[in-house]
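With chain F's structure known, arrange chains Z, L and H on it following the hints.
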Amino acid sequence: MSFFVDQDTRLIVQGITGREGTFHTEQMLEYGTKVVAGVTPGKGGTEVLGVPVFNTVLEAMEATDANATVLFVPPKFMYKAAYEAIISGVPLVITIAEGVPVHEMLKLHHLAKEKGCRLIGPNSFGIISPGKAKAGFMAHRIFMPGNVGIMSRSATNCYETVFLMKQKGIGQSTCIGVGGDMIPGSTFADMLPFFEADLDTKVIVMIGEIGGSEEELAAEYIKKHVTKPVVALIAGKNAPKGTSMGHAGAIVSPDGEGSAENKEAVLKAAGVVTAEGTEHLVEILAGMV
Amino acid sequence: MSFFVDQDTRLIVQGITGREGTFHTEQMLEYGTKVVAGVTPGKGGTEVLGVPVFNTVLEAMEATDANATVLFVPPKFMYKAAYEAIISGVPLVITIAEGVPVHEMLKLHHLAKEKGCRLIGPNSFGIISPGKAKAGFMAHRIFMPGNVGIMSRSATNCYETVFLMKQKGIGQSTCIGVGGDMIPGSTFADMLPFFEADLDTKVIVMIGEIGGSEEELAAEYIKKHVTKPVVALIAGKNAPKGTSMGHAGAIVSPDGEGSAENKEAVLKAAGVVTAEGTEHLVEILAGMV
Amino acid sequence: MKLLEYKAHELFKRFNLPCSDGNVAVSLDELKSLKGKVNFPAVIKAQVQTGGRGKAGGVQFAENDAELIEKGTNILDMKIKDLPVNRIFITDKVEIDKEMYLSFTLDRKHKKTVMIFSPEGGVDINEIAEAHPEKIVKVLINPADNIDDFVIEYAMDKTGLDRSYLDEFKNVCKKLYDVFINMDCMLAEINPLIIDKNNKIIALDGKIDIDDNSLFKHRDIRIFKDEIEENPLALDARNFDFLYIPVKDEGNISVVSNGSGMIMSSIDLIAKKGMTVTSALDLGGGATAERIKEALRIVASNPKVDTIFINIFGGITRCDEIANGIKSAMKDLGKTRLVTRLEGTNKEAGLEILKSIDADIQLADGLVNGVEKLAQEMLV
Amino acid sequence: MKLLEYKAHELFKRFNLPCSDGNVAVSLDELKSLKGKVNFPAVIKAQVQTGGRGKAGGVQFAENDAELIEKGTNILDMKIKDLPVNRIFITDKVEIDKEMYLSFTLDRKHKKTVMIFSPEGGVDINEIAEAHPEKIVKVLINPADNIDDFVIEYAMDKTGLDRSYLDEFKNVCKKLYDVFINMDCMLAEINPLIIDKNNKIIALDGKIDIDDNSLFKHRDIRIFKDEIEENPLALDARNFDFLYIPVKDEGNISVVSNGSGMIMSSIDLIAKKGMTVTSALDLGGGATAERIKEALRIVASNPKVDTIFINIFGGITRCDEIANGIKSAMKDLGKTRLVTRLEGTNKEAGLEILKSIDADIQLADGLVNGVEKLAQEMLV
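Just so you know, the sequences run in chain order F, Z, L and H.
The first sequence lines up with residues 8 to 296 when you count with the working numbering.
The second sequence lines up with residues 8 to 296 when you count with the working numbering.
The third sequence lines up with residues 115 to 494 when you count with the working numbering.
The fourth sequence lines up with residues 115 to 494 when you count with the working numbering.
Since the hints were made in silico from the structure, they are not lab data.
Here the structure is a predicted model, which means the values were calculated and not measured.
Do not take every clue at face value.
Said to hold, decoys possible - Pairs of lysine-lysine residues, derived as DSS-like cross-links and limited to a Cα-Cα distance of at most 27 Å, are as follows:
no., chain 1, residue 1, chain 2, residue 2
1, H, K321, F, K83
2, L, K461, L, K441
3, Z, K248, F, K122
4, Z, K248, L, K461
5, F, K175, H, K386
6, H, K288, Z, K83
7, Z, K120, L, K223
What the hints assert, rightly or not - Simulated restraints on C-beta separations:
no., chain 1, residue 1, chain 2, residue 2, range
8, F, G49, Z, P81, 46 to 52 Å
9, H, N353, L, E124, 54 to 60 Å
10, F, N154, H, A463, 31 to 37 Å
Cβ coordinates follow ideal geometry from the N, Cα and C atoms, glycine included.
Only chain F is shown next, with the shape it has when bound in the complex:
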């Protein structure tokens, strides 16, 4: 099971009857995504935009043979909804909510791995394969098909990047928001084998930021297993220590762990090209593709 969202994706929207859920279901349908079911406990039997709604993910899976779900539910209900999706056997679970309690994400991170589920997010814009399908809330008009695969902790830095790419005529194979929270369901390193194997991806872009060790772990993996060129941007070089920069995950420990300097050094040692900012990143890409 690839984590890519494309024509073969049959998507469930959990929280489809909510304001956000309905709005983005419409957007996703418009973009060509096969939204096959919605789930809202207590609203089973109804329809939203022609999509049948079920009380449980289990029933939605059985009735529609869905293979992915995106969760438009508030952070305080995220754990319960993602837990249900994982236990019900959905192979790809994409979570949007920002500010999920850390202890709940710790549990979900391991639960998903143990059950063989690919969990994306939280605090993620979702996944888009431009021109094919999207699962998430990203402003899809700025994306265009191409051969750059992007994975990003930040939505806005990804938007800025694809916006500048479009001006230069460079498109994307797949863009994934791994999310800005402290504990992601899936990490950069988890994504790399898929981008490495993906025939549509020629160059891999990693938009990281300060905090945590995901970029370092990705560098380790790249060194050993990735043959495609990787370009990285680390945001937050000038952020003060011990202060979260908005993303719960973007925080350098008082002892310096998670600093941009370290991340850039490790990435460079792994053969990754590092950019100063989004415009610089796109300049580098223009010279590559």
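Just chains Z, L and H now, kept in the frame of chain F:
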């Protein structure tokens, strides 16, 4: 990590200070097994037969770089000891005790799979690679090196088989007791890929019995993935329905599920040769190796 | 171990499952002492470890104390399928609007708990499965997990149980799951689970089967095990930590061996030769002469047994110990014939001892040879 | 959110961790009312969100009520690192035999809980790590699991803590783990964890840091958040659901943007040009004109800010709304200079509005161009 026990196995004995633990540690050492550590809570710092004893598996692992553990603990403490071994990261956990509560084994079965641990037993005689090493309590004198790989739910049927094999000069690569309880940590199907890949194994013997679906699941796997010849024996053809035959697992449901007839039919359909009894089994083997 | 209905009911009460009050009586005196405690109309049910009590007259209704005593005494005097009714269970007669089925049991193939629900109930689940397969839903639950709300809702949606029962149904599912997990059940079943005239869900009758290996955790249940054991030989054997297995009523051979696999193999080969085993006894490991003697005594005390097949493959068990045990048992065995196969540690010493016994003991070399000797013996 | 010592102590008590009694006072009156409740000798400790209170005189001892009142009042009048001492915490002075360290925190790399223990304590864990690395043990714990006995025993064995403390140490570990899990802690630390003259293990001082995102589950803690927030602008911003981030004291630029990534990118590029950002404000999604106005007011109210860099990449956010917000904010901003970069939905309409404003607003096309304009502005 192979599940085979051989010269590279560095074994922990949990419950080493107990009567059974000490006796079989002596037996295993005599046979050439590298028993590197013992674990008994509260007895840390002592020695048994020159083997250092630790309070916890974690410390034993760190101090000795062990890669397997065998549990000589009573059934009512098996859950706790196996749980500790799995959580402490021992890759191979062999459990001997008969009569572990079913609900505890259900939990351990999944826990081991989720943590990437190979759990063998319970109600198992252990694992022996004749001439190399053994981890368990089997009467090792009747085994001899050779190229038949055996996996068995029953200790006595395995003994009888290898005893008869010896008379015909046929030896074993590795013999594994998957155990006679209702819920095994690892199943026949879990063992097959290892026997299929093992260069020392030419023929695979499966000594099954009534109850459960392990032989059927093995047949499914054999059909798809096993190229080596497989010979099987199903004990309990004449056991009454709904009555356990001693092994907690050897019970045919009142509705006939787990019957020997069904197992033999499915195995034959998968290309497996089935034997009437242990002597017949060994006759078949004599014609093969 | 399978609990009798009244004991299952006691567990349901303990775990706060909704069920009507129940009373137990083992004698006329106890029946009389129930005066004023029973709600009428009441149902009186025989408590026996077998099915078909309804057809046998083991379930009757009482409208008042007089009827209760008359019919109760009547049932206490019955035998159902040869089993004496030692105990009756008296509950309210409930007005039933709908009968359903709910159980938790093990799925050995997936190594998980399976919840089985059907809005049709009152008969055996296999009958429901044949008549209304679409009205049965099965959901797997991970052994380490709680039962999730969504599993319960799924079961309702799939079978069409009205969502107005959501809260009550959730409550029953969670409580029965508590019983299943906390009591180490192999099966926890409510059948029928009824909806009464007031739209309340009530557990009317239940079956509980508890994992024997967990009984060290459930001492209160453990003490009932002997009480309900119907086979005195099995009881006798358990006192020596032997396992006694009744095999076929019509047989005349008993197999005594060490190890479950060996016992099954022996029975299979014997059956293949057209003979019939009536019982088997597993000695377990490390049997002493004294214990062998007891084992032989136990199996021989079944008058149907005229031949004992002793099949020992000794590892830790020493063949001379076995032989000495046989020797000292001989005077208790009367005319019972013995066929003995010894293998393993101290085999020769064992055979010497057996040859020295002045009795009809056939000695065999190997299991197949043993069964052949047994066949010859039968011809004698 | 980091709890002050007295609040951490309150949690320790709630979860039955062994610790001495404590009292809090915010005023002379409260100090007086403690008469008879305090055990002497006592320690009086200033409660401030900063380190180094010991050196500043914020920790003192009292032998009797008179001293308590004198020294307590004294501390309540202090400022420590510019922060007024609003509250003091009074506990028993304990006779210490040994100071140890125990904490549970997150290991982001492994996504697990890590237990950190050292039989050396009383100073910062990083100091212990430098001086006695062999005396620190770290063990990973799976997030969904309880803390197992063997983990605790391992920690003892590795550090050489005498096994006579096993039961007491297990108790402290399990209780602190309960705090960590049940209170959704980022950090639950006892330092020093002491052994007193009677060989009892006692939690003497603690640090608790609770996950802000979990506060909806912990209403009793939530109400303390505003109370301890030291930055009035951050508080002001939170009322509008903005996030206000103090960056560097010495800067003069404030960044207003939508999205954490965009804010970090802006600060990075600005720093690269040799300019210094003093604060940033994250608008979040879907800002209206009215909210933009409030955001600009908040960042401008810091007298150090003479320039605001507005960087909006609008998706759902509409650029004309932003422009109208800027327009209506102008009269509040005084001499503050604005550099604005708008991109996305209704960009042209937004630019038209901005051009119509009679004020010094630099308009930029793209982020890099924006930072260049900002650099030019600084030269003016």
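Tested hints:
Distance hint between K321/H and K83/F is fulfilled; the C-alpha atoms sit about 26 Å from each other, no more than 27 Å. With a C-alpha separation of about 15 Å, the suggested pair K461/L and K441/L falls inside the 27 Å cut-off, and the hint holds. Annotation: proposed proximity of K248/Z to K122/F is violated, straight-line Cα distance about 35 Å (limit 27 Å). Our distance criterion of 27 Å between C-alpha atoms is broken by K248/Z and K461/L, whose separation comes to about 35 Å.
Between K175/F and K386/H the CA atoms are separated by roughly 25 Å; this keeps the pair inside 27 Å, and the hint holds. With a C-alpha separation of about 24 Å, the suggested pair K288/H and K83/Z falls inside the 27 Å cut-off, and the hint holds. A hinted pair counts as satisfied when its Cα atoms are at most 27 Å apart, and K120/Z with K223/L qualifies at roughly 15 Å. The given range of 46 to 52 Å is respected by G49/F and P81/Z, whose C-beta atoms sit roughly 49 Å from each other.
Separation of N353/H from E124/L is about 59 Å and conforms to the stated range, judged on CB atoms against 54 to 60 Å. Hint check: N154/F to A463/H, Cβ distance near 35 Å, so the stated range 31 to 37 Å holds.
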